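Trainee: Produce the complete structure using the sequences and hints provided.
These protein sequence lines map, in sequence, to chains A and B.
Going by this note's numbering, the first residue of the first sequence is number 31, and it counts up by one from there.
Going by this note's numbering, the first residue of the second sequence is number 2, and it counts up by one from there.
No wet-lab data here; the hints were simulated from the structure.
Remember, predicted model here, so these are calculated numbers, not experimental data.
Yeah, the Cβ is synthetic: ideal placement off N, Cα and C, and Gly gets one too.
If a hint is listed, it holds; no wrong ones were tucked in.
What the simulated footprint calls covered on chain B by chain A, stretch by stretch (three residues with Cβ under 8 Å from a Cβ of chain A suffice, anywhere in the stretch; the number is not a length): (1) 11-22; (2) 98-111; (3) 137-150.
Here are the chains, one letter per residue:
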Amino acid sequence: MSVKERDPLTGHQTTGHEWNGITELNTRVPRAVWFFIIVTHIWALVYWVLMPAWPLVNTYTRGLLGIDQQEQVEERVAAADATRGIWADQIAALPLDKIRDDTLLMAHVERTAPALFGDNCAACHGSRAKGGPGYPSLVDDAWLWGGDDETILETLRVGINSPHPDTRYAEMLAFGRDGMLDRDQIRVVADYVQSLAGLDSGASPERLEEGAALFADNCSSCHGEDGAGMQDLGAPNLTDNYWIYGGSDEALFETIYGGRQGWMPAWENRLTGAQRKLLAIYITSLADGGPQ
Amino acid sequence: MFRKILSPFARLFEFHARTHYRTERHSMALTLGIIVAAGVGGFVEIAPLFTIDETVEAAPDMRLYTPLEQAGRDIYIREGCYACHSQMIRTLQDEVDRYGPYSLAVESQYDHPMLWGSKRTGPDLARLGNKYSDDWHVRHLVDPRAVVPESVMPQYAFLLDTTLETESLPDRLAALRVVGVPYSDEQIANADVDARGQARPDTDAADGVSERYGDTTGIRQFDGQRDRVTEMDALVAYLQILGGLTDAAFENQPLGED
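Mentor: Put into structure tokens, the structure is as follows:
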């Protein structure tokens, strides 16, 4: 069993094992494999020196390049903020009307606001801002808390019924479930509300009169005696035939029976003041029949 | 070419061939060699943990998952939400622009297992908490296309009809304590009651939740149903706390002043 024995055909050494005259070649590791092993090891050495690599007892080697991805992203965000700052600072400082008059700033609004709206608002209000059952349309003329610039900015900042400490708060009481009105009374008052909005409820004048009395007793403190709503309380106008939860018999019954309490998130901690202003301008441009 | 480049290493190859040949013939030497080689791989994986105190930030305001949120987390895992949603905002400018401050390791301190993920068919959820209303989450889980027409997410309407199983929660919290989540004995003992109390604000059980988990804990009918505590309650409660266990990331990367 000589180790030095060589196979006459290939010239390789054999392992010395032999089975029925067949010997096993002791072929060397191919040179290409060695090449890549060595190259990768040299690369590893270079990497250890340049980049954060080895753990020490209570720290780690930082590497000659001193790269820190958290610092890198913070620098990039700061750089991007600085680039935007050229116009974003103006938007933050100016009142909305001044911004609307400035075509240069408005170009930035038109470029930036749709993306902000799509990422933050469209989930509820819809990509076309038309709202949906439970979520107000932003393109109609009806506003729960008011559609002037200051009010919209404040609503964006604190939200409605949100966990924000300054949040706007409003609740439609559950008149049916909490026993203030029985089922018949709810149907009567629903007919009256439909008549306020100019819908044909098919109710007799006596029934509407009864509904008016119930409305005056239960609803007028928030929705107003004429049903026109109170924006200070976030109580919707019932006479304009814009509905959040629907104006059908079923929808009105459900609203009056079980109450409603929507939730608009507060954006103060997610969006900067300039971003909220961009959105406010965008929303009001929609309400004026702007871009769809 | 290889021959030329490798020629300085010729002696090394010769040494390697000889040693390898010898070791192969001694079973104990071969076993030791395997142990050493595998040990190097193990050390490289374990060694970074020695510096964990240095690399993971401190978050003194870190709060625990309530039992209801933890139950929701288990549902999130059961339904495979992690297969399409990541929970880690990476250190990239566009991610920070879109989702908010990049995720810190400490934010996943009580996540067992962590759900960072790398697959995003849907958006990242690391800062989803309080971004949308409870009602939106319920509608969206019942029928995603009702609120987001272009969504490809499956429907999870059955969560609304499935009563939440809470009996095993004390055991589940106890198991988490073993791996380092600091639940107190009292919290573990009351996990069952607390889980139901958090979704029923009009009951006495709700008081225990704010007592044991803090006043800022969200105690609501997450699924809009008064009388039942469903799996929808648990999942929405969990989704609404995502990114809200600590403010460390926001303190680290405050929102621009403008």
